[in-house]
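Peer 1: What follows is each chain in one-letter form.
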Amino acid sequence: MATPQITVVNLRKQFLPAGEEATALDGVNLAVDKGEYLAITGHSGSGKTTLLSILGGLLRPTSGTVSIEGCDIFGLSADGLARYRVEKVGFVFQSASLLPSLTVKENLLLPSLYAPRREKGRFEARALDYLSGVGLLPKADAFPGQLSGGEARRVSLLRALMNGPGILLADEPTGDLDEGAEQQVMALLETFHREMNMTLILVTHSKDIALRARRRLTMSRGRVLEGPA
Amino acid sequence: MSLFMLAIKNLMRNVLRSAALFLALFVLSGTLVSISLLAAALTQSIELSRQRLGADVMVVPSGFSGTAEDLFLVGSAGSFTMKDAGEFQRAVLASEGVKAASPQLFVVSAPLPCCSVSDTMIVGYDPETDFVITPWLQGRRAGGEKQAPDDVVVGADILAGVGGRLKFYGHEFLIVGKLERTGMRYLDSGMFIPLEGVRTMIAESKGRAQKALSIGPDEISCLLVKLREDANAEKFALRLEHRHPDKKALLTDEMVRKTAGSLAIPLKGMALMFILQWAASLFLIGVVHKFSVDERRFELGIMKALGATDANIRSLLTLEIVILSGAACFAGIASGLLLIRTFSSYLSLTVKVPLVLPQGTALAGLVSAAFAVSLCSALAPALFSALRSSKIEPFYLIRGEVRRKEQG
Chain U
0 MATPQITVVN
10 LRKQFLPAGE
20 EATALDGVNL
30 AVDKGEYLAI
40 TGHSGSGKTT
50 LLSILGGLLR
60 PTSGTVSIEG
70 CDIFGLSADG
80 LARYRVEKVG
90 FVFQSASLLP
100 SLTVKENLLL
110 PSLYAPRREK
120 GRFEARALDY
130 LSGVGLLPKA
140 DAFPGQLSGG
150 EARRVSLLRA
160 LMNGPGILLA
170 DEPTGDLDEG
180 AEQQVMALLE
190 TFHREMNMTL
200 ILVTHSKDIA
210 LRARRRLTMS
220 RGRVLEGPA
Chain Z
0 MSLFMLAIKN
10 LMRNVLRSAA
20 LFLALFVLSG
30 TLVSISLLAA
40 ALTQSIELSR
50 QRLGADVMVV
60 PSGFSGTAED
70 LFLVGSAGSF
80 TMKDAGEFQR
90 AVLASEGVKA
100 ASPQLFVVSA
110 PLPCCSVSDT
120 MIVGYDPETD
130 FVITPWLQGR
140 RAGGEKQAPD
150 DVVVGADILA
160 GVGGRLKFYG
170 HEFLIVGKLE
180 RTGMRYLDSG
190 MFIPLEGVRT
200 MIAESKGRAQ
210 KALSIGPDEI
220 SCLLVKLRED
230 ANAEKFALRL
240 EHRHPDKKAL
250 LTDEMVRKTA
260 GSLAIPLKGM
270 ALMFILQWAA
280 SLFLIGVVHK
290 FSVDERRFEL
300 GIMKALGATD
310 ANIRSLLTLE
320 IVILSGAACF
330 AGIASGLLLI
340 RTFSSYLSLT
350 VKVPLVLPQG
360 TALAGLVSAA
370 FAVSLCSALA
380 PALFSALRSS
390 KIEPFYLIRG
400 EVRRKEQG
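Chains as they are written, first to last, in numbering that gives the first Met the number 0: chain U, 0 to 228; chain Z, 0 to 407.
Be a bit skeptical, because a hint or two may be false.
[To be verified] Okay, the calculated bits of chain Z under chain U, using three or more residues with CB under 8 Å as the criterion:
#1 7-13
#2 147-158
[Claimed, not checked] With a Cα cut of at most 20 Å, we get these calculated SDA-like pairs of lysine to any residue:
#3 U:104 with Z:298
#4 Z:390 with U:100
#5 U:33 with U:83
#6 U:104 with Z:4
#7 U:87 with U:59
#8 Z:8 with U:100
No lab work stands behind these hints, which were simulated from the structure alone.
Glycine included, each C-beta is placed from N, C-alpha and C at the ideal position.
Based on the sequences and whatever the hints tell you, model everything.
Peer 2: Below, the structure is given as structure tokens:
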């Protein structure tokens, strides 16, 4: 039996807002194989975003472990964790999260600044190739303010893929988009998942979107209620 | 895409914020370099003025000490005389501790057609005994040739060149030399003619000039005295004034120090103003930078999520402030230098203190120190904000929250 790519053991996260204890994650266990397509659903405050943020190395848990390909990522130094974020994982945020002072192309090249082995030419070629693939090449020099919501979200997705991550984490990637734009973004996500054999974990409120995934989990009050479908 | 380009784009995004920081640092560095230059010029002028004037004591007619001080220190044109020059010079030379004594006669050119230039100091001096003018003669004259009575040596500020002719009170003089620049208007803007030539000019003025000069053949304006190293200038001055009550012996050191001292209070006031301004600038820079970094938390969080390390974030924020403050300090210091250089003559005349601005290495050192102090003033509060923000986890930065306490 192959070792899971992601192993989460007894993960807990507690916040203390204004002196009042709040448990965001309460003993989450999870295993995800390489190349899996997993959807996590649940009500607001159920702990979905916190779990995804911890998997992405954006937030340290209170206790428990997260192992990626056998490595406990929270046993790493701050720099090691940053290297994990740049090399292993891509993160798509709830909003487009593009830097307004940079053009579309420059936003795509931003991760190259932090990649350990920078090959400017390779990143530039990849950025233009990706933009061409989604029909946004004419907007390469446009600023985020000049893009539609769907366009901005697709650029954000492409940016998460620039370093060729093995895991793609998407937090409500179509949250505020109309149906047409939602379909475009989902199609793009799934195409990359398929073609690059990338593990795709997405958090969504939408049951329709969750149904597209091969495996689904529901979270409530910081716990995973259902096992693999 | 490079870190430098990213920093530039970030600075250009919020022009108002960048302009506020630029202005604060521009004024800070400009003020710092201006005050430092003035203070250095003032301190330096005491020693340099003494050296450049060459004399330890200047004997002038009693009642003209103020006019003489203005004349020597800031080059204000003025004329006064005392009689029995020859006898007095001999008496001084015979005094204890005197190494050399040289007479000078001051005449101010008239705003009339008989003079090529008006309101300029014509200094009659004795080339045989002189120790003030000759050391500043550019390249010296070929073969040490003696200056003829109708020859004039001009100060560095006089536009006319060697070979040109100048007319004073109807008498024509040939320009035979130019003095090196000294930084003192008395030397830089004067016309230096042998006493013999000036006396001829005075005698002929009755027939040749629109205005006749009434200075007797045995009158001089001052006697410059150089003392032996072991002599006490103050004692010499007291003895001389006792023996010659109609004369005033001005001590070069005291004269320069007294006028420089009169500027000490305004200069201290300026220094206090600068300290207050410095503190206000530090506060302003700190506040603006804190708000700026807080406003950009989401953006910094995205960068960290994309793989930026704490050091990458610190480098970016530091680079931004280095670029902005570097440019502001450079512009401020350049403006301060330009301002002081442009108005130093005016300032010198207004406050009646010679201002010899630092040159070469001294100037470079002063400018470097002002640049370093200004830059550090900007960097210190900015680095604090950068350090604080760089350590926050991306999750909190993206959500725009202050890091919350965690249990466990």
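Peer 1: Against the structure, test the hints numbered earlier, and report the numbers of the ones violated in rising order.
Peer 2: Result: hints 2, 4 break, sorted rising.
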